[in-house]
Amino acid sequence: MNRTSAPVDAPAPGVWEELVTAALLGTERRTPPGGAAGREAPVALLDAAAVETVRRRAGLRPARAAVRPEPAPEDARAALPAAAARRLALLLADRGGTAGGRRGTAPDLTELLPQWLAAANARGFAAPAHLLPALLDAARGRTDLRPAALAFAGLRAVWLARLNPDWRFALRATPGGGAALPRLEDEEQTRRLWQEGLFAERVALLSALRDRDPAAARELLVTTWQTERAEDRLMFLDSLRTGLGPQDEPFLEQALADRSRNVRATAAELLSALPDSALAARMAVRAGACVSVDRTHAVPTITVQAPRECDASMERDGVVAKAPAGRGERSWWFGQLVEATPLATWSGRLGGRSPGEIVALPVADDWQGELHAAWCRAAVRQRDPDWARALLGAPSAPEAGGPGAVSLAERAKLLGTLDAAERADWVAGFIAAHGLSEAFQLLGVCAVPWAAPLGRSVVDALDIARDAGSYPWSFSGVMGLAERCLDPAEAIHLDGLQAVPDESEHASPGAGGYWAEAFQRLVTTLRLRAAMAEELEG
Amino acid sequence: MTQQGARWSAEQVLALAPDAASRKAGSKLGAAGPWSEAGSSGEGTVWGLCKGSGSKPYQTVVDIADAAGPAYKCSCPSRKFPCKHALGLLLLWAGEDGAVGAGAPPDWAEQWIEGRRQRAQEKRSAGPSGSSSAAGDPEAARRRAERRAERVTAGATELEQRLADLLRGGLASAEQAGYGLWEETAARMVDAQAPGLASRVRELGSLPASGPGWPVRLLEECALLHLLDQGWLGRERLPEGLAATVRSRIGLPGSADGPPLRDRWLVLAQYDTADARLTTRRIWLHGADSNRTALLLSYGAAGRSPELALPVGLTLDAELSAYPGAGQLRAALGEQFAPPAPTAQRPPGMTTTQAAARYGTALRDDPWLDSVPVTLDRVIPAPDGTSWQLADADEDTALPLTHTAAARPGLWRLVALSGGAPVKVFGECGHRGFTPLTAWPEDSGEPVRLC
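One line per chain: the protein sequences are Z and G, in this order. Using the UniProt record's numbering, the letters of the first sequence map in sequence onto residues 1 to 538. Using the UniProt record's numbering, the letters of the second sequence map in sequence onto residues 1 to 451.
Certain hints may be false.
What the hints assert, rightly or not - The following label-pair restraints were derived from C-beta to C-beta distances:
(1) Thr353/G with Asp186/Z: 46 to 52 Å
(2) Gly496/Z with Arg116/G: 35 to 41 Å
(3) Ser321/G with Gly513/Z: 52 to 58 Å
(4) Gly416/Z with His403/G: 26 to 32 Å
(5) Glu395/G with Leu198/Z: 41 to 47 Å
(6) Arg116/G with Pro509/Z: 39 to 45 Å
(7) Arg262/G with Gly513/Z: 50 to 56 Å
(8) Arg117/G with Gly141/Z: 56 to 62 Å
(9) Arg39/Z with Ala209/G: 56 to 62 Å
(10) Glu395/G with Glu70/Z: 16 to 22 Å
Keep in mind that the hints were calculated from the coordinates and are not lab data. Glycine residues also receive a C-beta, built at the ideal position from the N, C-alpha and C atoms.
Hey, can you work out the whole structure from these sequences and the hints?
Given below as structure tokens:
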């Protein structure tokens, strides 16, 4: 606020300043102005200062207004229902987490924030303005939350982030926020940003354009390809993964001759994902020469003749000549050839058999592991559900649970090529046959909320594990997943599991109580998720 | 009266929490999981059994109908008040998802409620006679008051001497003398039974280290302390209202013996300040009919939350009695006629110019006043260099925020709520600037707490 310049009955301007000076130096050194008769100098100074202090305070006037900020853009989205807004406030308040402490039966609210945000975004609600600071703070601390949190926070959060440096990340993350992307229709501006922009801006521009118009993005990249640095070429090439199509082949074929080995390898990988490309055909010829069916055995058997050398043309097609330590070079080259070969060629090559029949054939001389692993990589790369199904095999097969030709990590990737229902069924069958100890990775690729058969098989398996007498924290990973992913409608099937069972002889001491607690937390969390979903329905 | 009333919102419940840890713990218990046999009665009682770490569940019961704010009882050993179980139960009840059904209270809850109601009844009937008997022998009380007045007079005289010495030697020397000098003087004022003087002296000690411009602030505060000393020493010559203000500023106990004023009191803000010894809770109320603003103070020992808790945005139909002293807004909560209920009521507002004038006028009655409560209408938070101000939407004037207010997270809630558009803001306006406490969006919507 402003001090009044000169109240009507002010003794004289500058009196206050003189009083302050006298007070600072002391009345022994400086005689204060005025000075009533009969008062000691310090007391007279205090008298005068008291009058001046109250006068100055009473005379306060408002200051001149500074430049007001531009109003934030209107949020056209529907307002959040009141109950949902209160829920969000609770979820955001819990941000600290309960690190270290035992969780008891209380749900972990932090873990529910991502799905709350996804649900709110799916329904197109606007964020309540007064919760934006808490939302931005949460997104600042957790990068995994940022995309959903910022989408929900909307344009007002960007407006807010311009006023607070703590939230600058929101400007970077939002197109049109900090470094605005030009409108992609504007060719001139796009070209200028591509030529003059910073690396991050250029990557953002290229991927945005690739999303809209794959050919235009590739053409833009071609204009400067020759002058880019090797690391940058690699990043740019990587952004062609989205919208990859046969039209990209000539450019990629050209990139096979690149100076950088990493660029060459990426180009070859992209080409091999195009089954009709010339590279894929070349690889098919090479791999085909190595694999054949030997009919002289009683049972038809696959025999493998690994390549004897890695010639220049193979290297040009992306085959890495030097094997990693501990691997034979011939099997290393062979794996790469099979991986890059279109899976469709195998049926013709191996007597018209289906993928299932091919996978079932015995393989001579211990080559099965190498061959099947390469087919797995090819099925994932080419997103081929038929081959994936054949390689996964039946979920109840004994080797599915242990170390077989196909590892759990590979199975998880293969499952990714199947549709959600089939994936859930397969994992449900797997858990029914093998229990939960190996299931965590597979559960991670299943769609949320879990389909009913999958959910039930997880709950059954947890029940079995409890009866077997182990402690629940051996299954804390699966429990945590179940809290987040189980369909809330399943809560009714869990009622019987919340009670503390009688301790049996073979059970670990106290385990029953801990299990009851874990199931109570599961049920509480499911109820909470059901309530959250209902609140968002309004 | 039936007191089921409207259910509170989760925010209103969480406002009762004594600290952030309780708020967090309580909100975790605000789901059906650990609870069993939870219910609420038409008379405003909520109860439930909460499964804890032990074998026996905790019995938690809350009486939300009571006049003096909600009352809690829980069989858990926590010394927090209310404990996390009481908060969780209220959250569950506020959650509206049918987790707390209506019903008749179980025996253990009934007993407690009965006991409470009975005690309240006795207190009410014993009220008038009780207070007069508490005064005891009037002659002895008069002698006690006289003795205390003598000690305060001795303290004020000594303080005058110290202030004079300080000004004779110069404030610059105070910078070197440091904190110890003031701590010792403050202790002398505590001995003199003048706690108001003691806390002002302690404040002086922190000023030399308060950054640029400290000599001005130190002189101001020394002068106002001198004014208070002089007011006490010459209290016989002061008008009655001002003399009462001086007594209350010195820290002498007063009693809220103003005539009770019944109104629909809107809770404008509630916030706590704490020092090593004491937590002080301030609750600002605004009367819809009387258009008066009043302050309720309640205290808790260090680390404990004061008992009285009134969630922002509720109104209570109640009587308030003012404490003595000209320009004093402090009041005591008397009888409550209904439990606090949600409302769309808002306080009327004013411009920044009127707010500044309001503070100036208030200094006539109480020159020691640091700020006055005001509601600003149609103001826009605007950045001003390193700080912020509240600018009138329709005039070229603005009130700067105090440095503390500009550094608090509440500022960002205010800025977000406004989004560059006008909002209504309640806060404290004084010589240090404006401290926003509560804000309302322009057209409709619930109040947002900023403190």
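Report task. Check each numbered hint against the structure and report the violated ones by number, ascending. Result -> Hints 4, 8, 9 contradicted; others consistent.
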